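Kindly generate the complete structure, drawing on both the sequences and the hints.
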Amino acid sequence: MPERRDFLVNAIKGLGLAATGGLAWSGFIEEGKSAPLILRPPGALPEKEFIASCIKCGMCVEACPYDALALAEPGDDKPIGTPFFTPRTNPCYMCKDIPCVPACPTGSLDESLVSDKDENGELKLNINLAKMGLAVIDRETCIAYSGIQCDACYRSCPRIDEAITIDYTRNKRTGKHALRAPVVHSEACTGCGLCEKACVTQKSSIFVLPREIAMGKSSERYIKGWDERDGERIKDVTEEVTTQTPRSGKSAIDYLNNEDF
Amino acid sequence: MRKYKYQIPRRLLQISILFIFFGGNAYGWNVLRGNLSSAKVLDAIPLSDPFAVLQSYSAGASIATDALVGALIILLFYAVLGGRVFCGWVCPVNMVTDLACKIRTSFNLDTIWKSWDIQRGVRFWVIGLSVVLSAILGVAAFEWISPIGALHRGIIYGFGFGWAFVLIVFLFDLFAVKNGFCGHLCPLGGFYSIVGRFGFLRIGYDKAKCTSCMKCIEICPEEQVLSIVNQHSGAVLSGECINCGRCIEVCDDNAVKFSSIYLNKYSNNK
Ligand code: SF4
Ligand code: SF4
Ligand code: SF4
Ligand code: SF4
Ligand code: SF4
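Those protein sequence lines, which keep their order, are chains B and V. Heads up: the first sequence is residues -6 to 254, going by the working numbering. Heads up: the second sequence is residues 7 to 276, going by the working numbering.
Wrong hints could be hidden among the right ones.
Claimed, not checked - In silico negatives: residues of chain V with every beta carbon more than 12 Å from chain B:
{"hint": "1", "residue": "15"}
{"hint": "2", "residue": "18"}
{"hint": "3", "residue": "85"}
{"hint": "4", "residue": "107"}
{"hint": "5", "residue": "118"}
{"hint": "6", "residue": "200"}
{"hint": "7", "residue": "216"}
{"hint": "8", "residue": "237"}
{"hint": "9", "residue": "243"}
{"hint": "10", "residue": "256"}
{"hint": "11", "residue": "258"}
{"hint": "12", "residue": "266"}
Said to hold, decoys possible - Here are the simulated DSS-like cross-link-like pairs (lysine-lysine), alpha carbons at most 25 Å apart as the crow flies:
{"hint": "13", "chain 1": "B", "residue 1": "6", "chain 2": "V", "residue 2": "184"}
{"hint": "14", "chain 1": "B", "residue 1": "6", "chain 2": "V", "residue 2": "120"}
{"hint": "15", "chain 1": "V", "residue 1": "221", "chain 2": "V", "residue 2": "263"}
{"hint": "16", "chain 1": "B", "residue 1": "217", "chain 2": "B", "residue 2": "124"}
Claimed, not checked - Here's a subset of chain V near chain B, in silico, CB distances under 7 Å, partners left out:
{"hint": "17", "residue": "39"}
{"hint": "18", "residue": "40"}
{"hint": "19", "residue": "44"}
{"hint": "20", "residue": "52"}
{"hint": "21", "residue": "70"}
{"hint": "22", "residue": "73"}
{"hint": "23", "residue": "143"}
{"hint": "24", "residue": "144"}
Hints in this document: simulated from the structure, not taken from any laboratory. All values derive from a computational prediction rather than experimental measurement. The beta-carbon is built from N, C-alpha and C at its ideal position, and this holds for glycine as well.
The structure is reproduced here in structure tokens:
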């Protein structure tokens, strides 16, 4: 049955070649995917969903009146063909009508992520909801932290006094001067990067990073009781003890008095 | 001029589509915005690359209405038109690979280095691989390495290192395999050959006029589709024909014409 044998041999050869090609191909994609330092336009889906759905059409790029966005190309070390911005040269100017978002045909830029209800209960675009990244300050190079007068980033911030505030303290080094240092607040910062563009130091001392990279996460069990919103999480907790251990029967004072320490 | 009867309008169309896209980005023209992956006509009608949408779907994305409608419009358009009209008349890579082929044949390179032996069916494996890898990796796998994307994005928005992808295709076609990329590997071409299989526009062949010079087969980038030549009159049935019309241009005997399988004359392939 030479024909049948040929067929089998060819099929195995084909599969082998497909596997080889597929592996090289996947390697190349994984390499690009693992470059996480990328800032997406406003309203972008979480990165994993974003790179699955963005069709690389550049419609967002064209819609941006400030030419803030660009599509990544080989050599940019970013997922090929997808949009990003580089704050130091071209920050996002936080347009009120966010033209880049409705332009997206695939929903990779999702209007619902940058909309909320206005006074009349109508859903409206609100650029302040954008979470493109988070500005981070290098206190060692920021001249304001050394006591030199500078508030360029603070003044450039479209959410001045919300996303960046100035912390007014004493300059411990001189002991007699003021220290007026910028502080970024993650709930309000949109990651637009206007501060990064404005910073006067040679290499910007305030820069936008993707939020997943810039932010930590405290464990569920830490509750800020003094923070009303965080306190909500324990409003249903009763004093009733549900976990029983040999020690839990005693009160805390007995336990401290009777044990050997 | 007859020799370029279709060549010239083909190049004009390929170039003007790119130019209109370029103007959309650079000067804000709203005739056609976006690029070949997805676009909008007059800020109203969406168009999308159905193969890219298929890969996105396989990657697990939920497809938004605009992209879906756009993909259906394009799918329907090429399915009705027939053959790989996209390849012959729209895709910019066709200009690159045609140039490589032209150099290859005019310097008789085929006699110096033999084409590697790759089967034309490989492109269908690449389609399968694109879909499977998209599912595994969670991104549209072919779009990530596509020289087509690199070329049109490069022209519309400016090249990064993307020209390298296009150069690889050019060199591959020039040195390794004649019509290597478009004729053997490109999954988008393979995809449209399936889509266009039952479409209208076809090459018709009239054996009575044919003098068996075989020029059509020499020029054809997909010569296997012209299997009827010297056999019997009829229409090219394979969807792999890119409808470029080169065979018509080179035929000195008027034996080859644009036609349709749905016209009586060519309908009964005898
Ligand atoms: S919000 Fe405005 S400036 Fe920012 S990316 Fe979108 S269009 Fe460009
Ligand atoms: S408009 Fe949407 S699909 Fe197109 S490149 Fe921008 S994010 Fe991607
Ligand atoms: S602009 Fe730069 S140097 Fe000035 S306060 Fe802001 S971060 Fe510091
Ligand atoms: S085979 Fe692929 S690269 Fe070649 S013309 Fe067709 S779509 Fe373009
Ligand atoms: S059969 Fe004719 S139209 Fe079709 S690909 Fe070949 S040369 Fe082009």
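- prompt: Is the hinted pair residue 221(V) and residue 263(V) satisfied, with a Cα-Cα distance of at most 25 Å?
  reply: Holds, because 14 Å separates the two Cα atoms, which is no more than 25 Å.
Reported absence of residue 85(V) from the contact zone with chain B (all CB gaps over 12 Å): It holds; residue 85(V) is separated from chain B by about 20 Å at its closest Cβ, greater than 12 Å.
field: residue 40(V) as an interface hint toward chain B, with CB separation required under 7 Å
entry: holds (4 Å)
- request: Evaluate the condition: distance from the CB of residue 107(V) to the nearest CB of chain B exceeds 12 Å.
  value: holds (23 Å)
task: Grab the minimum C-beta distance from residue 39(V) to chain B and call the hint holds if it beats 7 Å, violated otherwise.
output: Check passed: Cβ of residue 39(V) comes within 6 Å of chain B, closer than 7 Å.
- prompt: Under the criterion that the straight-line Cα-Cα distance not exceed 25 Å, is the pair residue 6(B), residue 184(V) satisfied?
  reply: holds (22 Å)
- prompt: residue 266(V): least C-beta distance to chain B exceeds 12 Å?
  reply: With a cut-off of 12 Å, residue 266(V) remains clear of chain B, as the shortest Cβ separation is near 33 Å.
task: Say whether it holds or is violated: residue 18(V) keeps its Cβ farther than 12 Å from all Cβ of chain B.
output: holds (24 Å)
message: For residue 217(B) and residue 124(B), compute the direct alpha-carbon distance and say whether it is at most 25 Å.
response: Holds, at roughly 24 Å.
query: Regarding the assertion that residue 243(V) does not contact chain B, is the least Cβ-Cβ distance greater than 12 Å?
result: The claim holds: residue 243(V) sits with its nearest Cβ about 25 Å from chain B, beyond 12 Å.
message: Holds or violated: the hint that residue 144(V) contacts chain B, with Cβ atoms closer than 7 Å.
response: Nearest chain B Cβ about 5 Å off; hint holds.
query: Holds or violated: is there a CB of chain B closer than 7 Å to the CB of residue 143(V)?
result: Nearest chain B Cβ about 5 Å off; hint holds.
Violation of the numbered hints given earlier is absent; every hint is satisfied by the structure.
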